[in-house]
Every structure is written in C-alpha cells, then in structure tokens.
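J.: What follows is the residue order along each chain.
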Amino acid sequence: MSLTDADVRKVARLARLAMSETEIETARAQLSGIFDLIAEMQAVDTKGIAPMSHAQDVSQRLREDVATEANQRELFQSIAPQVEAGLYLVPQVIE
Amino acid sequence: MINATLKQLSAQLAGKKISSVELTQIYLDRIAALNPALNAYITTNAETSLAQARAADALLAGGKAQALTGIPIAQKDIFCAKGWRTTCGSKMLENFIAPYDAHVIEQFNKAGAVNLGKTNMDEFAMGSSNETSYFGPVRNPWDRNSVPGGSSGGAACAVAARLCAAATGTDTGGSIRQPAALCGISGIKPTYGTVSRYGMIAFASSLDQAGPMARSVEDLALMLNVMTGFDTRDSTSLQRDKEDYARDLAKPLNGLRIGLPKEFFAEGLSNDVAQAVEAAIAEYKKLGATVVDISLPNSRLSVPVYYVLAPAEASSNLSRFDGVRYGYRAPEYSDLTDMYEKTRAQGFGAEVKRRIMIGTYVLSHGYYDAYYLQAQKIRRLIAQDFTEAFKQCDVIMGPTSPSTAFNLGEKGDDPVQMYLSDIYTIAVNLAGLPGMSIPCGFGKNNMPVGLQIIGNYFAEAEMLNVAHQYQLATDWHSRAPQEI
Chain W
426 MSLTDADVRK VARLARLAMS ETEIETARAQ LSGIFDLIAE MQAVDTKGIA PMSHAQDVSQ
486 RLREDVATEA NQRELFQSIA PQVEAGLYLV PQVIE
Chain E
5 MINATLKQLS AQLAGKKISS VELTQIYLDR IAALNPALNA YITTNAETSL AQARAADALL
65 AGGKAQALTG IPIAQKDIFC AKGWRTTCGS KMLENFIAPY DAHVIEQFNK AGAVNLGKTN
125 MDEFAMGSSN ETSYFGPVRN PWDRNSVPGG SSGGAACAVA ARLCAAATGT DTGGSIRQPA
185 ALCGISGIKP TYGTVSRYGM IAFASSLDQA GPMARSVEDL ALMLNVMTGF DTRDSTSLQR
245 DKEDYARDLA KPLNGLRIGL PKEFFAEGLS NDVAQAVEAA IAEYKKLGAT VVDISLPNSR
305 LSVPVYYVLA PAEASSNLSR FDGVRYGYRA PEYSDLTDMY EKTRAQGFGA EVKRRIMIGT
365 YVLSHGYYDA YYLQAQKIRR LIAQDFTEAF KQCDVIMGPT SPSTAFNLGE KGDDPVQMYL
425 SDIYTIAVNL AGLPGMSIPC GFGKNNMPVG LQIIGNYFAE AEMLNVAHQY QLATDWHSRA
485 PQEI
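Chains W and E are the protein sequences, given in the same order.
For the first sequence, the numbering used here gives the first residue as 426, with consecutive numbering after it.
For the second sequence, the numbering used here gives the first residue as 5, with consecutive numbering after it.
Careful, some of the hints might be misleading.
Derived EDC-like pairs (lysine to aspartate or glutamate); straight-line CA-CA distance at most 16 Å [unchecked claim]:
1) E:Lys346 - W:Glu446
2) W:Lys472 - E:Asp373
3) E:Lys86 - W:Glu499
4) E:Lys381 - W:Asp482
5) E:Lys381 - W:Glu465
6) E:Lys346 - W:Glu448
Read the hints as simulated data drawn from the structure, not as lab findings.
Can you build the whole structure from these sequences, using the hints too?
T.: Written out as structure tokens, the structure reads:
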C-alpha cells in the first residue's frame with residue numbers, strides 16, 4: 426500500500442506531531458513499507474471469529490465507588506512543566 | 005561473588021560472610037568501571053542504593069530476611085520508582101522523577117532487595133536492538149560492536165556483564181526473551197496478567213508483561229516469586245493464589261513431550277542458530293523427553309497483527325505525553341495545539357513517532373474494522389493454534405531469535421527488517437502465553453544463541469523445571485563474556 430504525503434500530513438495532525446516536509450517524505454516511504462507488511466493480514470478469512478483483547482477472556486472487575494487515592498496535588502505538580510496557584514498552565518485557549 | 009546465584013548470595017548474606025552494603029558496593033564499583041563502555045544503566049544513585057542495603061543488613065541481623073533481602077537488583081527504566089529518575093529511554097521523560105512506586109518496585113522493596121539502578125532500554129520499549137534509546141545504544145558484552153537486543157537491552161547487558169545480581173525486564177513482543185538470547189542469559193515472560201502493570205509505563209497494554217532476567221533459571225524462579233501477585237490497581241491483573249515457582253525445579257523430565265513447530269525452523273532461520281537449537285533438543289532427548297512435530301499455521305501472521313495492535317495501543321497510551329502535567333515541554337510555541345505538536349515532535353524519537361503514526365492511522369475513521377478488528381480476530385486464530393498444539397505436547401521449543409546479535413547500525417534504516425527479528429517471540433505475546441529464553445550454545449563469531457521455551461497458560465513452574473534440568477546438564481548459562 427502506498428500512502429500519499431497528504432495521508433501522512435493528516436495522520437501527523439491527528440497524532441499532534443509537528444513534521445517538516447523532509448520528515449513527511451521519509452515517514453511516507455517507511456510507513457508504506459510497514460503497511461505492505463501489514464497487508465498480508467487482509468486476505469485472511471475471519472468470518473465468525475470473535476476479536477480477542479485479553480487471553481483469559483476475563484470481564485472487567487468492579488469496585489465500590491469510594492476514593493482510594495489520597496490528595497497529592499503538590500507532589501504531582503512539582504514535576505509539571507508550568508503551574509501556578511495549584512493550576513496547570515497552558516497557552517490561552519479562549520479569547 | 006559476581007558469578008554467584010541468588011541462592012548462594014542469600015546464604016552468604018545470612019551467614020554474615022558478606023554484608024548487603026559490601027555486595028552493593030562491589031556492583032556499584034563494577035558499574036562505575038564498565039558502564040561508560042557498555043551503557044547498560046541510565047541512572048544509578050549510590051546513596052539511595054546503599055541506604056537500602058543498610059536497611060537490608062538490619063533485617064538480616066534481626067533474622068527477618070526473605071529470599072532476596074539485601075540482593076542488588078537492576079530495574080528496567082520503565083518502572084516508576086519513587087524518587088528515582090524514570091525516563092523510559094525517552095527525552096520526553098529525561099527529567100521525570102517518579103512520584104510513586106510501580107507494583108513491581110513495591111514488591112522488591114517489601115522483599116528487602118536493593119535497587120541498584122535503572123537500566124537502559126529502547127525508547128518506550130519500542131525496539132529490538134536498544135538503539136532507539138535517547139540515552140544511546142547499549143553494547144553487547146560479548147562483542148561491543150553488536151547490539152544487546154531490545155527493548156530490555158540494558159537489563160540483559162547488566163546481567164551478562166555481572167553489573168547486577170539479577171534484573172527486571174518487560175516483554176511486549178519479545179523484549180525479555182530476545183535480549184536474553186542475544187546476551188546469553190535466561191529470561192521469562194510469564195502469562196499475561198501474572199505481574200501487575202501498575203506503574204510500568206504503558207506501551208501496548210494488552211500485550212505488556214514484566215518478568216525477570218538472570219544468569220540461571222533457579223534465579224528466575226526466585227525473582228518471579230517476588231514479582232507476581234494480584235494487584236487491584238491493574239485492571240488486567242489476574243486473581244490467583246500465590247505460587248512457589250521453584251517448587252518443581254528438581255523434577256526429572258522423563259516423558260516430557262516437546263512440540264517443535266515446523267514454522268519456527270523454516271526459511272529465515274540462520275544455520276548457526278538452527279544447529280545450536282537442534283543440539284539442545286538432542287540434549288533434551290537424553291534427559292528423557294520425546295519430540296512431537298507440530299504446526300502453528302497462523303504464526304506467520306503474528307508480525308503484521310502485532311504491528312497493527314501494538315502501535316494502535318501505543319498511540320492511545322502515549323497521547324498522555326502532551327507537555328502539560330509532567331515530562332518535556334517545547335520551549336517555544338504559539339498556541340495550545342502548537343505546544344502539543346512541538347512538544348511531541350521534540351520529545352519523541354523517530355521509532356516512537358513512527359509507531360504513533362501507524363497506530364493513529366489504523367484507528368482513524370473508516371479503518372478500524374479493516375485493521376484493528378481484523379488484527380484482533382487473527383490474534384484469536386494465533387492463540388487457537390497454541391491451544392491445539394498443547395493437546396499434543398507439554399512445552400513448545402524453538403529458536404528465540406532468527407540470528408545471533410547483529411551489528412550496531414545494521415538494521416537502523418529499515419524498520420521492517422528490525423520488526424522481523426521478533427518473528428518467533430511475538431505470537432506468544434498475542435496469545436498471552438508464558439515464554440522464556442535460555443542460553444543453548446554459541447553461533448558464528450562466538451555469539452550466544454537462545455532456546456525459546458513456550459508453555460501453556462500458568463505453566464511457569466513446569467517451564468522453569470524444564471529449563472533448570474537443562475542447565476543442570478549443560479554449562480552454557482554459566483559462561484561469561486571475556487573482559488568481564
């Protein structure tokens with residue numbers, strides 16, 4: 426399968442990865458090679474086969490709806506790139 | 005001392021022949037001497053390690069020691085350890101100090117073990133050569149121009165070079181077994197759900213599983229006893245009774261049925277690896293085993309299936325790295341989206357970005373059924389092949405890797421060639437089965453070859469028995485690289 430530069434640009438945008446034109450060209454070639462490898466899968470007849478997400482086919486455990494974690498805001502924010510007054514700072518999103 | 009088994013070290017510590025502080029210092033000195041050339045560790049912290057060793061010595065003096073009390077263990081840098089820099093091999097987490105302990109780290113702390121340091125790895129465990137690490141490649145101690153394998157390459161190197169008593173690794177598509185094979189050590193990936201993933205930085209959550217890496221199978225059993233156990237904080241952790249993985253080590257192998265999948269001995273396997281594996285099978289026959297020819301017809305699809313499922317899950321897991329709550333943030337940006345895009349472009353390496361792109365594509369609108377769902381269906385077919393095979397045999401054996409360690413840089417430009425080096429290990433992760441690798445000889449240029457042993461679900465004790473009996477009859481596992 427061969428991808429176009431536009432495909433790569435769209436995926437990079439969805440994945441929130443800034444890419445230069447050279448990077449897009451390299452990625453296009455490499456991803457096309459990988460999708461050739463993946464293409465082998467498409468010919469397999471899987472009618473009636475249930476998808477498998479966990480080897481043991483276990484169901485999700487439930488627990489009581491009670492708080493289990495103590496508040497550690499200061500500790501967690503001590504490793505954040507930018508905080509102020511207990512809030513995480515990001516560039517302004519609302520004018 | 006540096007060649008001693010964990011059991012021997014434990015006896016030395018209990019008998020006051022050596023203290024944990026002295027033992028830890030021996031390893032710290034070795035790391036200081038050898039790590040600049042091998043690059044097996046990303047982070048060491050002598051003060052913290054020695055403080056743990058002093059605490060262990062107090063436990064030993066008070067008669068409160070357990071099997072691993074006072075023993076220096078290397079932790080893969082994928083496990084969050086409170087107060088330790090935890091990088092996952094990425095620039096994204098270059099300065100990330102973990103605010104909590106992973107379940108695995110808690111287990112070792114409870115056992116009184118010493119954390120010797122954090123081992124190098126492929127970035128976010130994505131790689132088979134340890135060359136994708138932001139902190140530089142690890143060298144194979146058997147030949148410093150060769151790769152150690154990956155992603156647990158630092159752990160495998162540290163064990164082989166006697167830079168720790170034993171180590172932890174994680175295995176999503178072969179990341180414990182392949183580096184174990186390439187570095188001539190033993191490693192086991194237990195049944196999916198046996199070791200908690202809590203605090204283990206996620207790559208592909210339906211496949212990721214932690215396990216031990218060591219110089220002998222007996223050591224693996226002791227390590228597994230500490231690492232396993234139910235944990236409510238991992239939604240896929242399995243609720244099972246605690247078991248002693250060393251309980252069956254001494255059993256004779258009379259009547260053992262070994263399945264040999266014809267697909268594992270076909271085109272693509274190097275002659276030197278084939279010869280060493282065949283010699284190991286011959287040794288097993290001498291030990292009383294019989295051989296059954298089996299087939300895993302869908303195993304050829306495991307690489308394509310894996311390269312849909314693992315990147316899909318990775319693209320979702322790695323969306324958390326956005327430069328807001330922790331980790332790297334780009335120094336300059338114009339708005340929020342620009343901040344995300346630049347942070348991720350600068351923080352992630354090429355292989356990680358490649359996999360995020362694959363994953364994003366296969367999960368994007370209109371492609372889900374054709375890729376992700378189709379891959380999950382074939383995953384079941386691959387698992388069913390094993391179920392059928394285990395009706396005819398007790399364990400499955402074959403090569404761990406199609407070749408011995410390749411040269412640094414050899415496969416760097418071609419991701420597909422690199423992906424194919426995990427061709428024999430990936431199916432085991434997809435099925436969720438336990439798999440291990442033990443040394444079984446040497447191939448060309450005197451590089452180690454690994455024998456892969458695959459067991460049925462929860463058959464770890466049996467596999468360890470099978471592997472241990474081989475190690476009693478052979479000495480491949482006790483060979484050490486020169487200049488070590």
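J.: Each hint needs a verdict: does it hold in this structure or not?
T.: Verification of the hints:
no., hint, verdict
1, E:Lys346 - W:Glu446, "holds (15 Å)"
2, W:Lys472 - E:Asp373, "holds (12 Å)"
3, E:Lys86 - W:Glu499, "holds (15 Å)"
4, E:Lys381 - W:Asp482, "holds (13 Å)"
5, E:Lys381 - W:Glu465, "holds (14 Å)"
6, E:Lys346 - W:Glu448, "holds (14 Å)"
Hint violations for this structure: none, all hints satisfied.
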